[in-house]
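Q: Single-letter residue listing:
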Amino acid sequence: MKLIDTTLERNVKPEDVRSRLLILSFIAIGIFTILISRLWFLQVMGGQMYMELAEGNYIRVIPVDAPRGLIYDRNGQVLVNNRPSTGVSVSPQIAEKYPESLKKLSKILGMSIGEIKEKIAEKKVDPLKPRVIKWDLTDQVLAYIEEHKMELLGVDIVTEPIRSYPHGTLGAHILGYIGEISEQEMAKLKDTGDYMLGDTIGKTGVESIYEKILRGEKGSQQLEVNASGRPLRVIKNQDPIPGSNLVLSVDLNVQQAAEQAINEAIQQAKSTGKPENGANADAGAAVVLDPRNGEIIAMASYPTYNPELFVGGISKQDWDNLLNPDNKFPLNNRALMAYPPGSTFKPVTLIGALADGLTAKDESFLCQGSWDGLGKKWVRWCWNHSGHGRLGLVKAIYDSCDTVFYIIGQRFYRQGEERLQYWAKIFGFGSITGVDLPMEAKGRVPDKAWKKEFNKGNPEYQRWYPGDTVNIAIGQGDLLATPLQMASFYAAIANGGTFYRPHIGKAMISWNGNVKTEFQIKPEDKHELPVSKDMIRYTQSALEQVTTQGTAAAAFAGFPVRTAGKTGTSQVRGKEDFAWYVGYAPADDPKYVVAVMIEQGGHGGSTAAPAARKILATALGYYDKGAGSNIYDPSR
Amino acid sequence: MDLRSINRKIDLTMVAAVLLLCIYGVIAVFSATQSTSLNGGDPYFFLKKQIVAFAIGLVILLALLFSNYNKWKNYMAFLYVLNVLVLIAVFFVGQTHKGAQSWFQIGFFQLQPSEFSKLILIVTLASFLANRKSQLDSMRDLLLSLAHVGLPLLLVLAQPDLGTAMCYIAILLGMMLVAGFPGRHFAIIILAGIIIAIVGIQLHVLKDYQIDRLTVFVNPDNDPKGAGYNLLQSKIAIGSGQLFGKGIFSGTQTRLQFLPERHTDFIFSVIGEEAGFFGATLLLLLFLVLIMRGLQTAVFAKNLFGTLLATGIISLWLFQILVNIGMTIGLMPITGIPLPFISYGNSSLIVHLMGVGILLNIYARRYV
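Sequences listed follow chains H and D, in order.
Per our numbering: the first sequence = residues 1 to 636.
Per our numbering: the second sequence = residues 1 to 368.
Source of the hints: derived by calculation from the structure; they are not laboratory data.
Honestly, I wouldn't trust all of these hints.
Going by beta-carbon spacing under 8 Å, a handful of chain D positions derived as facing chain H [to be verified]:
| no. | residue |
| --- | --- |
| 1 | N7 |
| 2 | L177 |
| 3 | V178 |
| 4 | G239 |
| 5 | L243 |
| 6 | G247 |
| 7 | F249 |
| 8 | G276 |
| 9 | T281 |
| 10 | M292 |
| 11 | T307 |
| 12 | T311 |
| 13 | L322 |
| 14 | I325 |
| 15 | P333 |
| 16 | T335 |
Backbone N, C-alpha and C fix where the C-beta goes; we use that ideal spot for every residue, glycine too.
Work the whole structure out from these sequences, hints included.
A: Spelled out as structure tokens, the structure:
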């Protein structure tokens, strides 16, 4: 078989070479079958998956932030702007490697190395992302850095639009500030999807409430990159959609006036030198509403801050300053914080009592300076210790007689049901107004259930006493209301009984075509108070007399239009009295409601009412000399 | 002479398959390397050299075609000594490339002796086996054959050039099969191979990275940035080619240099990406035609020497195709074995064209 032919050619083939070659061809066919079927699995079955992997490989998508919408006042004045700014950024990992760079940079920028390191460390996300150390470089600094680029490793110049505030601190509490998104915010906005760590987000004020409108939509740049990640070219550019501009109902002039008036009121109170007259005044708030629709015309809170501090990340030092109790917490929007409202609450008691038939318009009362209706052991004083004598409800309002309201309060108590609380809640107390601003306090309308719950740990304080109801009747005790709630309530009185949800967002203007869309008042933003017009009118006339012959008469002497309002002086445990005034003008055709509250400002008529007068004068467009500097009103 | 009478002399089917493969290869090499211009290089650099190599290879092919292969076995001893000497010379004058000393720089060209040595080994082994007077079934035949291959094998392993060493073994096994070695001899070789592998690993003859490279194809995700990176990128490139490919010169993975060694060891990934399943299969079918024609030549060869020569060449091609394509699709360990006719490489292209020349020669003299 396997014969070797040694005769002719030694290497004649054996016969079975064919069968062995057949084995080799089977091996060959087997190899090709395996290769082709593997290709089928890779390219046809798995092709889609590998396509996606391939795209992830060579396309980098770089998000492009959308310019944030601007914020305007109602007359089109810019309140928040964007402007390009040139800053210097430092790349953290390089900064670590080349401390020399940092040393040089600190000299150039005039910042200490510690400050720079602190700025770098503040980056909460993506620790490798370059951090802007300082915005708004001067030309000299810029030129110097450009020239010495080789020595400044990891240092870069960046130009980005940043938020700018042409009016400085003005309206800071309304506008709010922006900052880097936190992980909690990320989690909350997960469904929105468009947010990434490192993004800027509105943190407070309308920046936060109208975030969706202002934000716009991110664009993206699809870059082709090679294996080492170096960008080669732009494949696709998706321009960002800029955020819409926001128009607020705020009137820049009135806002300015409100802030100035609060400031002056505090200075004025301090200058009295007497703590009981406001020498300890240190904070305050004012709200101006349009009673015809609930628009917020101004909202001031003192002390204030500059939102610009937050642009590009606030420094630790600035942040600590803002949180330092010595600085009275300037970030707080006091217009939305709850305080005992004092006598400004009395119209609630009045209307409630009239509506419930606990008193009548023509009833008269006797004020002897003190009242012992709860027993000799619990004598209560009217602010007017010599007594108002016999007086009706109107005078009880305009001269803020406490005795009358003690009596009415007692009647509310005796009635058995918690009707006073009922009316307080009807008029919007104890719940948020739903204003389009964050961090609004509910305030508090205390009742039996609340007191029991509140004093859970102290059974002896859980009982509800007649004195508790009497306290509420004069706006004291555990009652708490925000200046905004107060303004809303008075707006309802001023407009004849309609309650509008206060709001500050007025319209949005699309970025393209400048199409202006007014925010509509929805049915749920408005409701009629269940009180007869007659009682409202009665209250209105009583409030008008406050400014003509009552506790605010001095403050409004010579005021060019008819005006109405109510002073208040509320007692706060451990502090001097808080001064309140809530009123509106013109009395016969109300256009503006103003609520002013000065913490430890002394008496409402002396401190708060003059401030309200200034604000109203500006809002109405009058030149007004003001109330003069020595108004003293002893009432509460 | 009409075409039919030429075909009687020259295997035109094989010629057509080889030419198509070479054209395929030149285009693939150009596509794979034109992106070097991204790095500021000459986009035609590799293309030009490959075309020159093709021309040289064609000339040598014709020379081999018109010589008489039967005379070659007279030079067996000379060729064998030459082969060994050249492989030794590499240690002294060779250029180091990726840790392996395996290059001669001759002017414009880099010559890789190990490529040529494969072909020389085929010739010497074929004449050695054809000249044996026995029936090639004794232990002595086996040991002598192993010794014949063993010396050059040890030399390339020392370079170290694992790929070429494996080619030698493939050639040996293929030719032993056709020469009629009994099954037990194959069993002995396989057993010995396993023992050597185990001992080699135990004694750390193979470096860790080599073991990594050899085993990573089983699970490339183990080390996606290291040894598995190439394989992963290759699979992404090929897989993303899908049915019809991304089009020639449009492979993103190729152009963007995600693929390492994309013009040599991973040229098939470029084809898979740009030509898709159809293009890749077409390439494989061209190879299959070539192999089948080669087997036909082996069958028709007038004598055992011709059959064994053809068998050696076919075994080499089959092995290189299997290992090269297999590694790009995750079936085979990653070893630096080029794809015949397709991969960039002057020596490789010339050597394989020479192989075609030998096959055509055997075919042409099948009746003489």
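Q: Taking the hints in turn, state whether each one holds.
A: Against the structure, the hints:
| no. | hint | verdict |
| --- | --- | --- |
| 1 | N7 | violated, 21 Å |
| 2 | L177 | holds, 6 Å |
| 3 | V178 | holds, 5 Å |
| 4 | G239 | holds, 3 Å |
| 5 | L243 | holds, 6 Å |
| 6 | G247 | violated, 14 Å |
| 7 | F249 | violated, 15 Å |
| 8 | G276 | holds, 6 Å |
| 9 | T281 | holds, 6 Å |
| 10 | M292 | holds, 7 Å |
| 11 | T307 | holds, 6 Å |
| 12 | T311 | holds, 7 Å |
| 13 | L322 | holds, 5 Å |
| 14 | I325 | holds, 5 Å |
| 15 | P333 | violated, 15 Å |
| 16 | T335 | violated, 16 Å |
When the structure is compared with the earlier hints, violations turn up for hints 1, 6, 7, 15 and 16 and for no others.
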